[in-house]
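Chemist: This is what each chain is made of:
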Amino acid sequence: MADTTMGALNGAYAWARVSAASLRRDRLRRSSMVALWLCAAVALSPLARGAVLPEDRADVLYHRYEGGGVTIHGPSVLVRKKMAEKYAVSANYYMDMVSSASIDVEVSGASRYEEERDQYSLGFDYLRGKTTYSLAYTNSSENDYQAETASFGISQDLFGDLTTITMGFSRGEDIVRKRDTISGRVDPGFREPIDRWSYRVGVSQVLTRTLVMNLGLEVITDEGYLNNPYRSYRYVNPGDERLFALGGEVYPRTRTSNAVALNARYFLPYRAALHGGYRFFTDTWGIGADTFEIGYTHPLGAEWIFEAAYRYYTQSRADFYSDLFERRDEQNFLARDKELSTFKSQTLRIGATYEFARSGWRFVKKGTVNLFYDRIEFDYDDFRDARYSLLPASDPRFRAAGTEPLYGFGANVFQAFVSIWF
Amino acid sequence: MRPIVRMKRRAVACSAGALVVLVLSACGNVEPWVKPYERQALADPIMSFDRNPVSSAYMHHVFEAREGARGAVGSAGGGCGCN
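In the order they appear, the protein sequences are chains A and B. Residue numbering for the first sequence follows our numbering, beginning at 1 and increasing consecutively. Residue numbering for the second sequence follows our numbering, beginning at 423 and increasing consecutively.
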């Protein structure tokens, strides 16, 4: 999970300086979820075409995320090849190189840290009649986190190929480790597992000659050590109510979430497309979320495709989240992960694709060069900028704990990639 | 489990299975209301739910790492039958 900006309030107490090594875990529960998702994506990707296997294609992508004191960048390579029109294999390598000094890192008193995550995925598809069977495996590794996921999917075309139904199942096993805050070595006495299950069903329906819709449902259950071993919650310092102290977070050991998404694409009277989507989310931690997206795709000439999109996301906090607890161990479960708080995010995307070698070149049938840029704004409703209460009381910017300004930040996300079809 | 209960359960399972088979076989006879030769627009790459899988996988990763919600983001299909 090397990717998460969200930081980690590492360390047990506010006054305890936490070393960079202890902060590397900032992201854990999500890394394996990403592996789960990627595995499912690899397993189900051919389903997008109904009873047709994916085209032979190779993609080389460079990604870069900058925001909230965090920079994450690296490559991703995806190759897909079919054989005898019945079988297809795919392979993906993905890397995150992280450099983080997020607000959580700053508040904990630690310094910027660096880390790396490597992820490998393999997929296999078998097409028989109008049914596609898919298998996938993903392995993700960090110095203190391992995740393995296996996935199975099946899709079936119906109604003259106007309807595609899909089903999928994924099973993940993670191992959470912890590094020593001083030496950086992995603690041999800390080894916590997480088991994950994901169940998916979906239906895609051609409604008219220009409109297609897609409905998906996914239930995910996790069981195990779901919190970050380095992250802390904060509570009012009993010695001085203007200040705060930190304690280790405690999460429930199970989580089940439900998500339903409806998406549609519409071909306009001229050659361009509109798309829109909505996702409803709820889970057993009390988080409820809504995601809306709308976008427009516009080809220009034979070589260019431009697109723009807007995404709006809003969520309510987890039941056991608080920006500032009244006292230490105030309740059974305690969290101050800003991803569990009440917040909204807005994303504006622009992108361009240029197609080259349209008439082929050697073994290449065609190729594209792609550039995408996303600007994301995060605005938190109950996560405060604790750096203000860490200032000396004599500083005019000082604010007492619980009265600091609400936190928010913007992120820039760049993607540049080349795709070839062969 | 008593034999009568087992038999009842078997009967229910067989009935459900027969119903599924009937429904699916009926599906095969439905006349497509969008003919294959009318699917030119649907076959256009700009109508794909997932035109660049390597890119969409990355963006799902970006959001999932920073938001509490998760799941139901994979493109379940196009159902176009265009190729």
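In short, the hints are calculated from the structure, not lab data. Do not rely on the hints blindly, as some may be mistaken.
Keeping only pairs whose Cα atoms sit at most 30 Å apart, straight-line, the calculated DSS-like set for lysine-lysine is [to be verified]:
| hint | chain 1 | residue 1 | chain 2 | residue 2 |
| --- | --- | --- | --- | --- |
| 1 | A | Lys-366 | B | Lys-457 |
| 2 | A | Lys-366 | A | Lys-82 |
| 3 | A | Lys-86 | A | Lys-344 |
| 4 | A | Lys-365 | B | Lys-457 |
| 5 | A | Lys-365 | A | Lys-82 |
| 6 | A | Lys-344 | A | Lys-81 |
| 7 | A | Lys-130 | A | Lys-82 |
| 8 | A | Lys-82 | B | Lys-457 |
| 9 | A | Lys-130 | A | Lys-365 |
| 10 | A | Lys-82 | A | Lys-344 |
| 11 | A | Lys-130 | A | Lys-344 |
| 12 | A | Lys-81 | A | Lys-130 |
| 13 | A | Lys-130 | B | Lys-457 |
| 14 | A | Lys-344 | B | Lys-457 |
| 15 | A | Lys-130 | A | Lys-86 |
Chemist: Check each numbered hint against the structure and report the violated ones by number, ascending.
Modeler: 3, 6, 10, 11, 14
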